[in-house]
Amino acid sequence: MLAPQRVWWKPLHRFEKSWLIVAFVFCIFLTVMMPLWYLLGHQNVPATTYRVEPAEFAQVTEAFAAKYKIGEVSGLPIVAPPPNSDVYLIGKRWVWYPVLQLQKGQTYRLHLSSLDLQHGFSLQPNNLNLQVVPGYDYVATITPTQAGEYSVICNEFCQIGHHLMTGRIIVTD
Amino acid sequence: MAVTALPRAIPAFQFRTCPATTLKVDVNAERLIIVNAVAAVVSLALGGLGALLLALTRWQAIHLLPPDWFYRILTAHGFDMLVAWIVFFEIAGLYFGGAILLNARLILPKLGWFSFILMAAGTVLVNVIVLLGQADVMFTAYVPLKAHPLFYLGVILFAVGALIAVGLFFATITVAKIERRYEGSVPLVTYGLIAAAIIAVYTLLSGAIAFVPAFFWSLGILPELDPGFFRNIFWSFGHPAQQINLAAMVSVWYALAALTVGAVPLNEKLSRLAFVLYILFINLGSAHHLLTDPGPSFLWKATNTSYAMYLAVLGSMIHAFSIPGAIEVAQRRKGFTRGAFEWLRKGPWREPGFSSLVISMILFGWVGGVTGVTIGTEQINLLAHNTLRIPGHFHATVVSGTTLAFMGLTYYLIPLIFRKELKLKKLASWQPYLFGVGMLLVSIGMIGSGLQGAPRRQWDITFTNAPLSATLPGATQITLAIMGIGALIAIAGGVMYLLVVLTSVFTGPRVEAKRLTLVMAQANPLVDDVIPNMNKEVHGSKLQPRGALILVFAFLAFFMAYYLFNWWLLGRAWIIR
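The listed protein sequences correspond, in order, to chains A and B. Residue numbers for the first sequence follow the working numbering, beginning at 11 and rising by one. Residue numbers for the second sequence follow the working numbering, beginning at 2 and rising by one.
Hints are computed from structural coordinates only; laboratory data are not their basis. Using N, Cα and C, we set each Cβ at its ideal position, and we do this for glycine too. Some hints here could point you the wrong way.
Computed cross-link-like contacts, DSSO-like style, restricted to lysine-lysine with a CA-CA straight-line distance of at most 30 Å [said to hold, decoys possible]:
| id | chain 1 | residue 1 | chain 2 | residue 2 |
| --- | --- | --- | --- | --- |
| 1 | B | 270 | A | 27 |
| 2 | B | 543 | A | 27 |
| 3 | A | 20 | B | 427 |
| 4 | A | 102 | A | 114 |
| 5 | A | 20 | B | 543 |
| 6 | B | 270 | B | 543 |
| 7 | B | 515 | B | 426 |
| 8 | A | 102 | A | 77 |
| 9 | A | 102 | B | 426 |
| 10 | B | 335 | A | 20 |
| 11 | A | 20 | B | 270 |
| 12 | B | 335 | A | 27 |
| 13 | B | 335 | B | 347 |
| 14 | B | 347 | A | 27 |
| 15 | B | 335 | B | 427 |
On the chain A side, residues computed to face chain B include the following (Cβ under 8 Å) [claimed, not checked]:
| id | residue |
| --- | --- |
| 16 | 40 |
| 17 | 43 |
| 18 | 59 |
| 19 | 62 |
| 20 | 113 |
| 21 | 134 |
| 22 | 140 |
| 23 | 148 |
| 24 | 176 |
| 25 | 178 |
| 26 | 182 |
Could you build all of it, start to finish, from the sequences and the hints given here?
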């Protein structure tokens with residue numbers, strides 16, 4: 011709080027120097043980890059995005075659901091698309107539509123968009139989370155690694171039904 | 002006849018001389034500090050009441066509020082704490098650092114009052130409109146969520162008021178330099194506040210760019226507002242707002258270290274450089290809010306979230322050694338040289354400024370900083386986005402860190418600025434410990450819940466009555482209970498703070514401060530020249546800060562472990578690109 015000495019440009023103490031060097035090396039390590047994982051890691055943030063009108067996305071999803079429907083649960087269609095195809099999931103107040111059935115070890119292009127407000131795609135367990143924004147078709151290329159029943163919950167506030175907004179992804183062997 | 006230049010008259014200003022520090026205290030600056038500090042504490046109380054109701058609701062076993070009121074009060078709590086409490090306190094700090102610490106006069110005080118009125122009006126407007134149920138949009142108000150126009154107007158008024166006060170701060174310092182009220186460079190605390198103020202300009206302008214179109218959109222004048230654009234610009238405002246808090250908090254740390262143990266910076270050059278790193282790079286980090294958004298590429302996300310090769314993080318790491326190091330050297334000068342940690346063991350732990358400083362630093366660094374850099378890593382964010390890990394992180398930084406530091410400083414403002422004797426000193430001594438422990442449990446509870454997938458901003462993690470059932474691990478009930486219990490402890494700590502502050506300010510006569518320390522009996526190290534060996538060289542002597550060095554390396558080891566743990570967690574998830 012006091013006025014500093016007239017000349018405060020002094021050399022560093024050796025402890026400060028050592029710490030500074032170590033901290034800087036750590037910062038470089040943090041920086042490098044991201045591109046390293048981008049190239050070598052299996053879990054990366056999707057980047058493919060298209061602009062889309064909500065009505066258009068709804069149409070495409072309905073057509074997709076009708077084409078690959080294999081059943082129903084709680085009034086929602088269960089849709090089992092073939093591997094390596096485009097899969098569509100709508101977030102809307104207050105459900106993730108439709109229910110998906112995927113195969114373990116197979117790859118799918120999952121298209122995410124919203125018909126109304128922003129929603130949060132949260133795959134549980136797994137804990138993979140993506141932002142879903144109306145007007146944007148966000149494409150995630152996914153490969154389920156374990157069979158089982160997964161829930162999709164919403165983790166972006168979307169008004170009063172937010173805590174009722176769920177979905178489901180079934181992964182078969 | 003030769004004409005010699007007449008000495009230019011320096012404008013006089015109304016001041017009093019502080020008996021404890023010999024500083025000239027401009028009376029207008031003092032009044033404005035008081036009024037902004039009062040508004041800050043009122044906002045804290047409001048936000049704190051909200052915190053109590055919210056914690057007792059997210060503690061699923063209690064589930065106090067119904068859903069609509071939960072979401073409503075969550076919106077108000079966000080604004081009252083992140084915007085009102087923090088910024089009112091910082092504006093008070095600007096008057097302190099810009100005028101009083103420089104023995105200078107505050108220019109255009111009427112403008113200061115105008116700015117205060119705008120900020121107060123904005124705060125009232127936002128709270129009223131939210132509590133009326135017209136703005137259930139969260140503090141982030143993500144388009145297409147639409148609030149009543151008065152919500153946006155309230156935020157805009159607050160931001161404009163704050164911007165005026167920031168401008169006044171710069172002008173005051175400039176005039177102080179011209180009028181030669183101080184010699185050489187400004188004190189480090191003022192330097193840190195200047196860094197905060199520069200970041201504030203960028204922040205508030207971004208806020209205007211985000212909220213002005215949103216205001217017109219809410220009125221129906223602007224037909225469409227792109228949600229992606231709003232998110233980007235909102236966070237150009239929202240995160241730098243937190244960086245202001247960071248720079249201000251670090252300034253307060255240096256101030257508390259000076260006040261309580263007479264610490265002076267180990268190396269002014271390094272500490273100032275650290276603040277410059279903040280100014281240059283810290284706003285890039287706002288991109289960490291958009292890491293799992295559709296649109297931007299890996300290169301954009303990774304570059305920005307790294308704060309330019311983590312250089313802004315380096316700034317924090319510099320302070321992480323410099324401040325404990327300065328405290329250690331000051332303590333060693335007093336004779337506490339036994340072993341690596343006698344300086345710490347024999348610290349003034351009953352002095353609230355000291356305990357709040359240390360606890361704030363530990364919680365900010367070890368919990369807030371480590372978790373923040375980790376979840377701000379592009380790919381790791383996939384695990385954390387919109388889960389309770391996010392509030393777990395920022396409660397450690399803004400509450401355990403900044404708020405606790407500000408609380409500690411308040412205890413000194415009461416005798417120095419309000420000129421009242423601090424009452425309930427025992428309560429003040431214990432308060433930082435209670436608050437710190439409570440907030441540590443809150444962060445642990447939230448982060449533990451988020452690691453298991455619990456979402457933030459959500460009323461019911463059992464998803465009862467949802468068309469498709471969903472369950473989170475049963476242990477989330479335990480971690481949420483830990484959060485709830487921690488919240489009750491922290492709120493008790495908050496109530497203690499309010500009790501001490503209100504009792505001191507409103508009861509008792511006006512008393513001139515005679516010394517700087519509150520609880521300790523000894524004379525104040527800064528002013529009374531009681532530090533022996535003050536000029537003894539630190540290099541190669543018993544005065545070297547080895548204890549602080551051990552502490553920062555331990556911190557780094559913990560940082561590394563937590564960070565690598567998260568990559569391991571990510572590796573266990575589905576393959577995704």
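How the hints compare with the structure:
| no. | hint | verdict |
| --- | --- | --- |
| 1 | 270/B / 27/A | holds, 13 Å |
| 2 | 543/B / 27/A | holds, 18 Å |
| 3 | 20/A / 427/B | violated, 41 Å |
| 4 | 102/A / 114/A | holds, 27 Å |
| 5 | 20/A / 543/B | holds, 20 Å |
| 6 | 270/B / 543/B | holds, 23 Å |
| 7 | 515/B / 426/B | holds, 16 Å |
| 8 | 102/A / 77/A | holds, 21 Å |
| 9 | 102/A / 426/B | violated, 55 Å |
| 10 | 335/B / 20/A | holds, 23 Å |
| 11 | 20/A / 270/B | holds, 7 Å |
| 12 | 335/B / 27/A | holds, 25 Å |
| 13 | 335/B / 347/B | holds, 11 Å |
| 14 | 347/B / 27/A | holds, 27 Å |
| 15 | 335/B / 427/B | holds, 25 Å |
| 16 | 40 | holds, 5 Å |
| 17 | 43 | holds, 7 Å |
| 18 | 59 | holds, 4 Å |
| 19 | 62 | violated, 10 Å |
| 20 | 113 | violated, 13 Å |
| 21 | 134 | holds, 4 Å |
| 22 | 140 | holds, 5 Å |
| 23 | 148 | holds, 4 Å |
| 24 | 176 | holds, 4 Å |
| 25 | 178 | holds, 5 Å |
| 26 | 182 | violated, 15 Å |
In this structure, the hints that do not hold are numbers 3, 9, 19, 20, 26, in rising order.
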